[in-house]
Amino acid sequence: MKSMKKVEVVVDSVYLSRALEILERSGVSGYTVIRDVLGKGERGLMSGDELTDVFKNSYLFTVCEESIALKIVEEIRPLLKKVGGVCLLSDVVWVPH
Amino acid sequence: MKSMKKVEVVVDSVYLSRALEILERSGVSGYTVIRDVLGKGERGLMSGDELTDVFKNSYLFTVCEESIALKIVEEIRPLLKKVGGVCLLSDVVWVPH
Amino acid sequence: MKSMKKVEVVVDSVYLSRALEILERSGVSGYTVIRDVLGKGERGLMSGDELTDVFKNSYLFTVCEESIALKIVEEIRPLLKKVGGVCLLSDVVWVPH
Amino acid sequence: MGFDLLLQNVLNPPVLMFLLGLGAVLLKTELEVPQPLPKLFSLYLLVAIGLHGGYELSKSGINLDVLKVLALATLMAVVVPIYAFFVLRLKLDVYNAVAIAATYGSISAVTFITAGSFLNALGYKYGGYMVAAMTLMESPAIIIGLILLSFFVKRNNEGINWGEVLREAFLNPSVYILMGTLIIGFITGEKGWKAMEPLFGALFKGMLAFFLLDMGLVAGRRISEIKKVGIFLLTFAIALPVFNASVGILLANVFGLSKGDAFMFSVLCASASYIAVPAAMRLSVPEANPSLYVTMSLAITFPFNIAVGIPLYYFL
Amino acid sequence: MGFDLLLQNVLNPPVLMFLLGLGAVLLKTELEVPQPLPKLFSLYLLVAIGLHGGYELSKSGINLDVLKVLALATLMAVVVPIYAFFVLRLKLDVYNAVAIAATYGSISAVTFITAGSFLNALGYKYGGYMVAAMTLMESPAIIIGLILLSFFVKRNNEGINWGEVLREAFLNPSVYILMGTLIIGFITGEKGWKAMEPLFGALFKGMLAFFLLDMGLVAGRRISEIKKVGIFLLTFAIALPVFNASVGILLANVFGLSKGDAFMFSVLCASASYIAVPAAMRLSVPEANPSLYVTMSLAITFPFNIAVGIPLYYFL
Amino acid sequence: MGFDLLLQNVLNPPVLMFLLGLGAVLLKTELEVPQPLPKLFSLYLLVAIGLHGGYELSKSGINLDVLKVLALATLMAVVVPIYAFFVLRLKLDVYNAVAIAATYGSISAVTFITAGSFLNALGYKYGGYMVAAMTLMESPAIIIGLILLSFFVKRNNEGINWGEVLREAFLNPSVYILMGTLIIGFITGEKGWKAMEPLFGALFKGMLAFFLLDMGLVAGRRISEIKKVGIFLLTFAIALPVFNASVGILLANVFGLSKGDAFMFSVLCASASYIAVPAAMRLSVPEANPSLYVTMSLAITFPFNIAVGIPLYYFL
Ligand SMILES: Nc1ncnc2c1ncn2[C@@H]1O[C@H](COP(=O)(O)O)[C@@H](O)[C@H]1O
Ligand SMILES: Nc1ncnc2c1ncn2[C@@H]1O[C@H](COP(=O)(O)O)[C@@H](O)[C@H]1O
Ligand SMILES: Nc1ncnc2c1ncn2[C@@H]1O[C@H](COP(=O)(O)O)[C@@H](O)[C@H]1O
Ligand code: NA
Ligand code: NA
Ligand code: NA
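Chains as they are written, first to last, in the working numbering: chain A, 1 to 97; chain B, 1 to 97; chain C, 1 to 97; chain D, 1 to 316; chain E, 1 to 316; chain F, 1 to 316.
Bound-form chain A, shown alone (with noise of 0.2 Å):
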């Protein structure tokens, strides 16, 4: 069993793919993703009962190292300034198989 990192992102919908590149950069093992995702924040209501898929979110978290979460969140940072969206990270342990 290993600590780690948890790595948690809601962001609009339309930018998850951004976010997941992140990710990726990053260097994470993996990741798992929630679609269709409601809330709200500072942006207002995220209903996700729209046509458009323009108030909707998603979720996503990853486990990974501390480096690698550090690495996350400078690069995510931007992103989420520019398009709003919550990053959290919080301690988890890895059970490994």
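Mixed in with the good hints, there may be bad ones.
Some chain E residues well away from chain F (every beta-carbon gap over 10 Å; in silico) [what the hints assert, rightly or not]:
| hint | residue |
| --- | --- |
| 1 | Q8 |
| 2 | L27 |
| 3 | E30 |
| 4 | F86 |
| 5 | I177 |
| 6 | K227 |
| 7 | N253 |
| 8 | F255 |
| 9 | S291 |
| 10 | L292 |
Stretch by stretch, here's where chain B covers chain A in the computed footprint (C-beta under 8 Å, at least three residues) [stated by the list, open to error]:
| hint | region |
| --- | --- |
| 11 | 39-45 |
| 12 | 84-91 |
In case anyone wonders, no lab produced these hints; they're calculated from the structure. Note that the structure is predicted; figures quoted are calculated from it, not measured. The beta-carbon is built from N, C-alpha and C at its ideal position, and this holds for glycine as well.
Once you have looked at the hints, place chains B, C, D, E and F with the ligands on chain A.
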């Protein structure tokens, strides 16, 4: 980067709007919701596959200051007592942008 | 309020029922499941958009005592070894009602 | 002859599709009709009967017969939950008695539709106003149930939010859609129906069959819960519909409804809600156990009505 | 007579279904048409008009008239976003002006379809090439908008990714599907259409009604945002379509289009995008506020066009 | 003439819609047909061929010809995975050989349906019992595959759970639905079919076209994986279907099947499963790589059969 509390709630979908009202009243800056979550607990299986929305959960989380988290906990407890569900607290680091 | 362990599992949807069996056997009081989760890992992209359910993950979490969490970890490891997936442990505070 | 009718009812595609769905669960296949497809089918069926009912009503006009039917419908919608409640109180606490009484006081649109399809196969018709009657019978049971509740239980911490309750009752999606499309069908008449008929008329039976496949799956998943329901409620879930149907037929004959209308009215009386009322009860009476009222309505009364009840009430 | 037309337009099932959806939100019912059902309906409608347009085109062939219409369509698709932009700059920053201008420079397929249904009811027809014209008019506004943006704003950190922009513009799903099915309809002609007609022809009006129910819900949910839009943009969202339609009609008459084609062309000019362009703007101009451009297009211009605009432009 | 057939096959809406879907991925549009819409289409197609096949069977009755076809079907379903396995073992480990052999031993309903549509266009018909034959051919390959596996690999930790395997094989959703609706169609005969025809008959070709659009998308997404499959498996994925079809035709001629039946039988032999068998293999043979067997079946064999195979097998 700022230490914050993550509050997670799983509640019967029928009561989602009440749970969100509690969050808003407690002064959170935002929240994220995943509708149509399944589960099992004291009140049995929520298989989510009914015509009725009666056996379906929603999941939500919000990230906020500890003081707000405690307010939420206090307010949501009677609701969960009455209608079932789960509320969790944990530590996260919020990446500001 | 009570300190507990959160066990999170991401596993191929085909094996969801086996993972849930393990939870039940380990004596959890409940669990929450999100079906249709996408992701990427050692076994490549799980894009979830196939006709086949073969490339689709499910996500589940349960909150339980540490002893139960360890039992789950022990039992789920061989499954994940065989079929892939991720298992995470973290600390949460359970708000009783 | 009764047996012939039974067979004729069972041996047609919609009912067989229901059984196919039921069997899929019992045989543990992994067949599922994932959400929101069932929502699509149920929305389709509601719009279709609404538009068609409205169109029929625009042909027949609103006359004394229509008002008679609507009055009878309102009467039964008010009376059934009351007597159901008192019967249920013999064995149950107030909360569960209220929730189950409300469930049986309301109606099931799919039962109504299946009955209509059975009736048509026998060469009979029913008036478009029966759809209006159905719409009228959906909500009152919720209100009656909550009035009974506030009468028998004094809740200290929080009263019933009547605004929310009335909205749940009269503006729940199925009442709203039925009402709305009934009016649209009525306003747009012949010309409107002609444009809508290929989708909402011609495909109707096929869509019903499709939806009943899913109903079979949903009912099948609840079947394992029947044993928890107990013998009293099991009996109730079959006896009450038959009793309600008998009362309905009696009233219909006294007031001189046509054969088709009388039959459809009895089916409405006999059917129990498994969408609108349970949703409202879950919200307003959280103390009641949804496993009881949903299981009874969905896994006992609905299949009973579909397979046995419909020919039985016709025979009466 | 103008009022008659208005009434005739409103009192038919699709428009009434739209109002029913709108009402469902205003009355706070919990009616919803959950995703991906709206995607199913919109995909269906695109495929249906594409196949049918292609079939019509295979009958009429590609002649001078067709080329004339396509040229006019391209012209309007380029010109509208430009003048819209300068009007909007009177009150707005560059980002929002670009996003809104692009939105109004493009088209709404559902408005087009509803207009077609209105036209048919009056006994007129329009050429299959109008669908080609519509397809042509969907994308240019995005490009024009981004050219305007790069002209008026020098972004330091990162330039516009033109490859991505062109792909978003010309290969967005609705353009692709329309184009593709138009070609399929054209290639497979009479025989192909005969096989597809039961699904994509006969059911068309019913599906449109179903979809407009959802459009009503979606528009209704945005109505509360209208007050944030402000009086300038509110006026803009109604005045610009009427102006665009008038320009469209004028051009159509100058170039001698048939009555039906001229009307459909004016509807295209008047309509605003609420799917393709907003998606592209959200990606390429994140500084603009989607609450403005989506609300204007969806909650003001679309309902206006559907209810009032269509008979009005016909009358012009 | 062979080329004419090829062209005629390709130039009809369903196949073109498949190509349109394929192109959407290759051109990187963002077109998608989100779940559960594909499930709706595939469920619809299964129910439709089941009901129609059952109805046809009720007309023809069950005679010697029918039994002959069913026996041939069973034979091929058992033999194909065995010889496929030994061919595959030349290059692959046991696990992957089993999974791929089982995939090719089973069938693809959509290939069958597309072939039927091609056949009808040429004025031929096939017997309703061919649907029964198809149903029969879906499962045995799974069982044979697992028998081969347990023969060649001694697993120490845990044996194969045969109960689960048999259930997966014979009660997987598509087998169950096909079987069930075949019986329903058979029982309800002419009258049942008349009620179901508007949905399950008239719309069939349009729905097939719609579904093939999605199949194109799904196959397209796998195309980038083809290079990982390698030249051996690529050749296998085309040569084996052609070989199987030839064996099928030969057998059909020896046993005197009609032209239409023989053709449909050869298509069944040639087609490979991409839903039922992969799901079963993922569960029972986790050691095999799904990227191989799904990609081969979906991105190579399916498009090959749809575009080239069908006219080729007809020509044989
Ligand atoms: N405090 C928060 N807690 C949880 N989720 C949040 C929070 N703030 C924002 N979000 C999520 O992030 C999305 C974008 O946030 P924003 O950019 O602030 O509008 C929202 O729609 C929510 O889903
Ligand atoms: N121990 C647990 N871990 C994770 N989720 C739980 C747990 N207990 C309950 N839940 C979730 O909360 C819902 C309601 O719980 P309950 O009120 O206990 O029936 C369940 O359907 C689950 O989704
Ligand atoms: N590092 C990671 N962080 C988050 N999720 C992961 C990670 N690695 C794998 N996963 C998830 O687990 C699934 C199976 O992983 P694998 O068995 O490695 O292919 C993936 O499809 C992802 O959804
Ligand atoms: Na009743
Ligand atoms: Na326009
Ligand atoms: Na085969």
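Right, here's what the structure says about each hint:
With a least CB separation of 29 Å from chain F, Q8 of chain E remains clear of the 10 Å interface cut-off, as annotated. With a least beta-carbon separation of about 29 Å from chain F, L27 of chain E lies farther than 10 Å from that chain, consistent with its non-interface assignment. Every CB of chain F is more than 10 Å from the CB of E30 of chain E (nearest about 22 Å), matching its label as outside the interface. Every CB of chain F lies more than 10 Å from the CB of F86 of chain E, the least distance being 31 Å, so the non-interface label holds.
Look at I177 of chain E: its CB is around 7 Å from the nearest CB on chain F, not clear of 10 Å, so calling it non-interface is violated. For K227 of chain E, the shortest C-beta to C-beta distance to chain F comes to about 33 Å, beyond the 10 Å cut-off, and the non-interface label holds. Consistency note on N253 of chain E: stated as away from chain F, and its beta-carbon is indeed over 10 Å from all of that chain's, at 37 Å minimum. Every Cβ of chain F is farther than 10 Å from the Cβ of F255 of chain E; the closest lies at roughly 32 Å, confirming the non-interface assignment.
A cut-off of 10 Å between C-beta atoms confirms that S291 of chain E is not in contact with chain F; the least separation is 23 Å. Interface exclusion of L292 of chain E from chain F stands, the closest Cβ pair being 24 Å apart, more than 10 Å. Taking a C-beta to C-beta cut-off of 8 Å, the region 39-45 of chain A contributes 4 residues in contact with chain B, enough for the three needed, and the coverage statement holds. With a cut-off of 8 Å between beta carbons, the region 84-91 of chain A has 7 residues touching chain B; three or more are needed, and the interface restraint holds.
Hint 5 from the earlier list is the only one contradicted by this structure; the remaining hints agree with it.
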